[in-house]
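**Student:** Sequence:
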Amino acid sequence: MRLGVWKYLGFCAWLTVGLSGCVDPTQRAIESIQSESIEQKEKRDSLKDAFQYLPQLIRMDRTVAMQEINYQLNSWSSSVVSPPEWKASSLLESIPASLRTIDFAQRMTKLEFGEPECEYMMQCQMLKQVSSWVVDKPYRDRLFSNWLASRKGDLAATEWSRLETTLKLFDWTVCNIALEGDPKQVESLVVNPDMPPSDQAPIYRQLPWQTLMFARGDAWQRSRVFTQMCFAQGIDAVVLAVPSITGATENA
Numbered sequence: 008m009r010l011g012v013w014k015y016l017g018f019c020a021w022l023t024v025g026l027s028g029c030v031d032p033t034q035r036a037i038e039s040i041q042s043e044s045i046e047q048k049e050k051r052d053s054l055k056d057a058f059q060y061l062p063q064l065i066r067m068d069r070t071v072a073m074q075e076i077n078y079q080l081n082s083w084s085s086s087v088v089s090p091p092e093w094k095a096s097s098l099l100e101s102i103p104a105s106l107r108t109i110d111f112a113q114r115m116t117k118l119e120f121g122e123p124e125c126e127y128m129m130q131c132q133m134l135k136q137v138s139s140w141v142v143d144k145p146y147r148d149r150l151f152s153n154w155l156a157s158r159k160g161d162l163a164a165t166e167w168s169r170l171e172t173t174l175k176l177f178d179w180t181v182c183n184i185a186l187e188g189d190p191k192q193v194e195s196l197v198v199n200p201d202m203p204p205s206d207q208a209p210i211y212r213q214l215p216w217q218t219l220m221f222a223r224g225d226a227w228q229r230s231r232v233f234t235q236m237c238f239a240q241g242i243d244a245v246v247l248a249v250p251s252i253t254g255a256t257e258n259a
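Quick note on my numbering: the sequence shown kicks off at 8 and runs consecutively.
Calculated from the structure, these hints are not laboratory results.
Note that beta-carbon positions come from the ideal geometry of N, C-alpha and C, so glycine has one too.
Keep in mind that the hints are not guaranteed to be accurate.
Unchecked claim - Computed Cβ-Cβ distance ranges for the label pairs, DEER-style:
no., residue 1, residue 2, range
1, TRP93, ASP189, 40 to 46 Å
2, VAL246, SER96, 18 to 24 Å
3, ALA112, ALA185, 37 to 43 Å
4, ARG114, ARG149, 29 to 35 Å
5, GLY241, GLN59, 22 to 28 Å
6, LEU162, ASP56, 41 to 47 Å
7, LEU118, ARG147, 40 to 46 Å
8, SER86, PRO190, 46 to 52 Å
9, LYS117, GLN217, 24 to 30 Å
10, GLY241, LYS144, 33 to 39 Å
11, SER139, LEU186, 23 to 29 Å
12, VAL88, ASP189, 49 to 55 Å
13, VAL88, THR165, 41 to 47 Å
14, ARG147, ARG107, 17 to 23 Å
As the list claims (entries may be wrong) - Straight-line Cα separation of at most 27 Å, DSSO-like style, residue types lysine-lysine; simulated pairs:
no., residue 1, residue 2
15, LYS159, LYS55
16, LYS55, LYS117
17, LYS159, LYS144
18, LYS117, LYS144
Model the full assembly from the supplied sequences, consistent with the hints where possible.
**Tutor:** Next up, the structure:
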């Protein structure tokens, strides 16, 4: 009787070892793929959740929203590795020393998100939505309508579409962002080329998303809304200074 019991136990042990050593390789591959898929989904979900909280930054629960966005974005960035060949742009050196209080190159390498980055992402999201809404509407400015139509035969379809988009965004900005202050402020020459740190200086009183929300701003603030909406639509835009009537060249 005892011999039979031992034989039975030995058979069970052999069966257990045999089964554990005969796992289907295909099943292992499937489990590995499923694990990687779950990990990738968690990364995407963190990024998705962060974008869902962005609109709440302009509501009453700004503090809570900012904390949640920071958490989700940093959760996502912790799983992203910067390419080893990445190098900071030499353009960073062109920033005035008085403004280079932050090591931008190191900050870009770490890919950490703080309040400024979260607010900038909210601004990009807002300007993308507004600019897309503007572009979907027909162009109604009679001042340039005929000129725009005449350019259709001279430009490729893609270039003409970009020109139409730019005119729509410019027209919308001028019509919907009220001009504050003296327009001739933009003609005033600067003595120090470094940007003034004062919050009362032109262009520093509010960010583009605030100008958009308040629907009013000085000439520089309106131009920033226009250029940022162009960027949102994939169009490069710059603000150029013109030579002074008196012949001064500081702002030229």
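**Student:** For a quick check of understanding: which of the numbered hints are violated here, in increasing order?
**Tutor:** 4, 10, 13, 14, 15, 18
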